[in-house]
Structures are given as C-alpha cells and as structure tokens.
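Make a model of the complete structure from these sequences and hints.
Heads up: the sequence shown begins at 1 in the numbering used here, then just goes up one per residue.
If you are wondering where the hints come from, they were derived from the structure by calculation, not from laboratory data. Predicted, not measured: the structure shown is a model, and the values here were computed from it. By construction, the Cβ of each residue, glycine as well, lies at the ideal position given by its N, Cα and C atoms. Among the clues, some could well be false.
Unchecked claim - Cut-off 30 Å, straight-line C-alpha distance, at most; resulting in silico cross-link-like pairs (DSS-like, lysine-lysine):
(1) Lys-110 - Lys-29
(2) Lys-44 - Lys-93
(3) Lys-44 - Lys-110
(4) Lys-3 - Lys-110
(5) Lys-3 - Lys-44
(6) Lys-29 - Lys-93
(7) Lys-29 - Lys-11
(8) Lys-110 - Lys-35
Said to hold, decoys possible - Quick list of simulated restraints, FRET-style, between CB atoms:
(9) Leu-116 - Gln-67: 33 to 39 Å
(10) Glu-22 - Phe-61: 35 to 41 Å
(11) Gln-78 - Leu-23: 18 to 24 Å
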Amino acid sequence: MSKQALSEYIKNIVFLTDEQLELALGYFKPTNHPKFELLVSEGKVGRHMNFVVQGCLRIYFIREDGQEATRHFAFENQFATGLASFITQTPSKEYIQVMEDSELLRITRKDFYYLLN
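As structure tokens, this is what we get:
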C-alpha cells in the first residue's frame, strides 16, 4: 500500500524535511477493512487516526430518538477519527463505520503525540 497520498497531504499542511517526513510516515500502518466493519463504537475509546487510501468511512451517532445521524464521510485522501475520544481517551459518542472495502493508514494516539513533540 502506497503512502504517497498521505505524503502529499502532510506536505500541504506542514513543512518537513524529507527525513522528518519519512520518519512520520513510518508510524502509519497499512490495514484493510471489510465493508460495514465498525472501527469505533459508541462507548469504546478511539485509539487510532485513520487516513483513507482507498474506500470510504462514515462517522455517525445515534440521536435521542434512536435514529442514526451521519456527521461526516471520509473519502480517499482524507482523515477520519472520533476526535474527542481520540484526544481525551474517553468513551466515544460516535461510531466509525467502513462503508466499502477500504485500505487505511492508521496511527496510534501514542505515536501521533510522539510525532507532535
């Protein structure tokens, strides 16, 4: 799985040397996920940030009336995470669902914060 799209995404938002970029990319691990898999469920803690290489992710929550409400779709070359849960390590109020067979590049919270320092 190529990390070229992620490399371009990062280059568009921050300046890094080639060495720094290669280091950062090394923390993103390729994963494959089948259609309808739940990456995060309500009540679970979000432990990964996801970059969509191929496929689509849906972030949604359950309203008080029991209906699903979609907050975001992440398509190729976009990030998706339940940000509040990922940052605070508290139970998620959202679900992240794979909408079609998808290839992702994932980074753990620990590695993400390591790169920020």
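Here is how each hint holds up against the structure:
Taking the CA atoms of Lys-110 and Lys-29, the gap is about 13 Å. The hint holds against a cut of 30 Å. In summary, the hint linking Lys-44 to Lys-93 is supported, as the alpha carbons are separated by about 8 Å, within the 30 Å threshold. A threshold of 30 Å between alpha carbons decides the hint, and for Lys-44 with Lys-110 the separation of about 17 Å falls inside it, so the pair holds. At roughly 20 Å between alpha-carbon atoms, Lys-3 and Lys-110 fall within 30 Å of each other, so this suggested pair holds.
Proximity of Lys-3 to Lys-44 is assessed by CA-CA distance (about 28 Å); at most 30 Å being required, the pair is judged to hold. For the hint pairing Lys-29 with Lys-93, the CA-to-CA distance comes to about 25 Å; that is within 30 Å, so the pair holds. For a cut-off of 30 Å, the pair hint linking Lys-29 to Lys-11 stands: about 19 Å separates their Cα positions. A C-alpha spacing of about 27 Å is found between Lys-110 and Lys-35, which places the hinted pair at or below 30 Å, so the restraint holds.
Between Leu-116 and Gln-67 the beta carbon distance is about 37 Å. The supplied range of 33 to 39 Å therefore holds. Between Glu-22 and Phe-61 the beta carbons are some 37 Å apart, a value that agrees with the proposed interval 35 to 41 Å. Range check, Gln-78 to Leu-23: Cβ separation about 23 Å, and the 18 to 24 Å hint holds.
Consistency with the previously given hints is maintained throughout, with no hint failing.
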